[in-house]
Amino acid sequence: MLAACNDRPAAGAAASAPAPASAALAASAPGTGHGAVAEDGSAGSHPGASPLAVARGRIEVQGGLLRLSPLQDGQVDALLVQEGQAVRRGQLLLRLSGTAAQAETGVAQAELQLAEARVSARSQHLPALRRTAARLAEASAAGAAEPQRADDAAQALRDAEAELAVARAEAGVARQRLAQVRGQQARLELRAPEDGTVVRVATQVGQRLLAAAGDHAPLTLLPRRPLLVRAEVNESYAGALRAGLRATVTTDGDATPLALPAARVVRISPVLGTARLQEDAQRGPLRVVECVLEFDHPPTDARPGQTVRVVFHR
Numbered sequence: 001m002l003a004a005c006n007d008r009p010a011a012g013a014a015a016s017a018p019a020p021a022s023a024a025l026a027a028s029a030p031g032t033g034h035g036a037v038a039e040d041g042s043a044g045s046h047p048g049a050s051p052l053a054v055a056r057g058r059i060e061v062q063g064g065l066l067r068l069s070p071l072q073d074g075q076v077d078a079l080l081v082q083e084g085q086a087v088r089r090g091q092l093l094l095r096l097s098g099t100a101a102q103a104e105t106g107v108a109q110a111e112l113q114l115a116e117a118r119v120s121a122r123s124q125h126l127p128a129l130r131r132t133a134a135r136l137a138e139a140s141a142a143g144a145a146e147p148q149r150a151d152d153a154a155q156a157l158r159d160a161e162a163e164l165a166v167a168r169a170e171a172g173v174a175r176q177r178l179a180q181v182r183g184q185q186a187r188l189e190l191r192a193p194e195d196g197t198v199v200r201v202a203t204q205v206g207q208r209l210l211a212a213a214g215d216h217a218p219l220t221l222l223p224r225r226p227l228l229v230r231a232e233v234n235e236s237y238a239g240a241l242r243a244g245l246r247a248t249v250t251t252d253g254d255a256t257p258l259a260l261p262a263a264r265v266v267r268i269s270p271v272l273g274t275a276r277l278q279e280d281a282q283r284g285p286l287r288v289v290e291c292v293l294e295f296d297h298p299p300t301d302a303r304p305g306q307t308v309r310v311v312f313h314r
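Using the working numbering, the final residue of the sequence shown is 314, and nothing's skipped along the way.
For the record, the hints were derived by calculation from the structure and aren't laboratory data.
For every residue, glycine included, the Cβ atom is placed at its ideal position computed from N, Cα and C.
Incorrect hints may appear among the rest.
What the hints assert, rightly or not - Derived DEER-like restraints, expressed as beta-carbon distance ranges:
id, residue 1, residue 2, range
1, Ala-139, Glu-161, 19 to 29 angstroms
2, Pro-147, Leu-126, 20 to 30 angstroms
3, Leu-71, His-297, 34 to 44 angstroms
4, Leu-258, Ala-179, 45 to 55 angstroms
5, Gln-180, Arg-88, 24 to 34 angstroms
Please construct the entire structure, taking both the sequences and the accompanying hints into account.
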């Protein structure tokens, strides 16, 4: 026997007769077909399992929509995508004006070239200095040259090697400086973090953007990830939920209901919240527990944000 939660007594029974505790799992969403077990059991019937209850839910993409903002403030120089466009990971979406960054890059490249030229020049002197120092050292040991000349040649070699080491260090610093400037220039570019579809463009060429845009991000991306259902279950019956519970899902709206693939409960929230899918606001806020369901296979006719009706089964 399926127990209804619409406060109407069953035909032929006293209004005060209690329903068995094991008869149904009450759903969270109020209104027709919500917060009550399906009266005829036909909506969302599941082979081999009796319906427990219905709940309202919403289709979401795993992880949610991605709100994208540049890593630094700047003026939009190029907008390369439009709403509804599919993009690939790493694709350039937006570029900020980089006149100053380009100038800094040019200076850093020139500094690196100068440092590398110093390294090359000092490296060319070393072979001759090494030969001279070795020859004078041998001559001094044989008594054919003054020891002072050998000492001077050895000191000149040490000085040249020290200068070469300094030049190489300067070249390393210049190289790091160029990499840093190029990194700053890359911050002017906004690229897709993963495959998806651009669902909102909230900027235009010439507009100044802030890095910390928050909810006012210039671009919103729908990532290409699996869809799931987030359903709301009344707190009084949340204890009957369990991972693995089977359910059927149908669209819920003005259009004709459309059956979606079967789903199963994979996560149950440990905290209570206020119902967001409530139809009858006059009943006051409802305390609910959210549960997440995954489809057995990807639905082809579902969209993120779509309201659905979830029928749980034993």
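Comparing the hints with the structure gives:
no. : hint                                   : verdict
1   : Ala-139 to Glu-161: 19 to 29 angstroms : 22 angstroms, holds
2   : Pro-147 to Leu-126: 20 to 30 angstroms : 23 angstroms, holds
3   : Leu-71 to His-297: 34 to 44 angstroms  : 38 angstroms, holds
4   : Leu-258 to Ala-179: 45 to 55 angstroms : 54 angstroms, holds
5   : Gln-180 to Arg-88: 24 to 34 angstroms  : 28 angstroms, holds
In summary, this structure violates none of the numbered hints.
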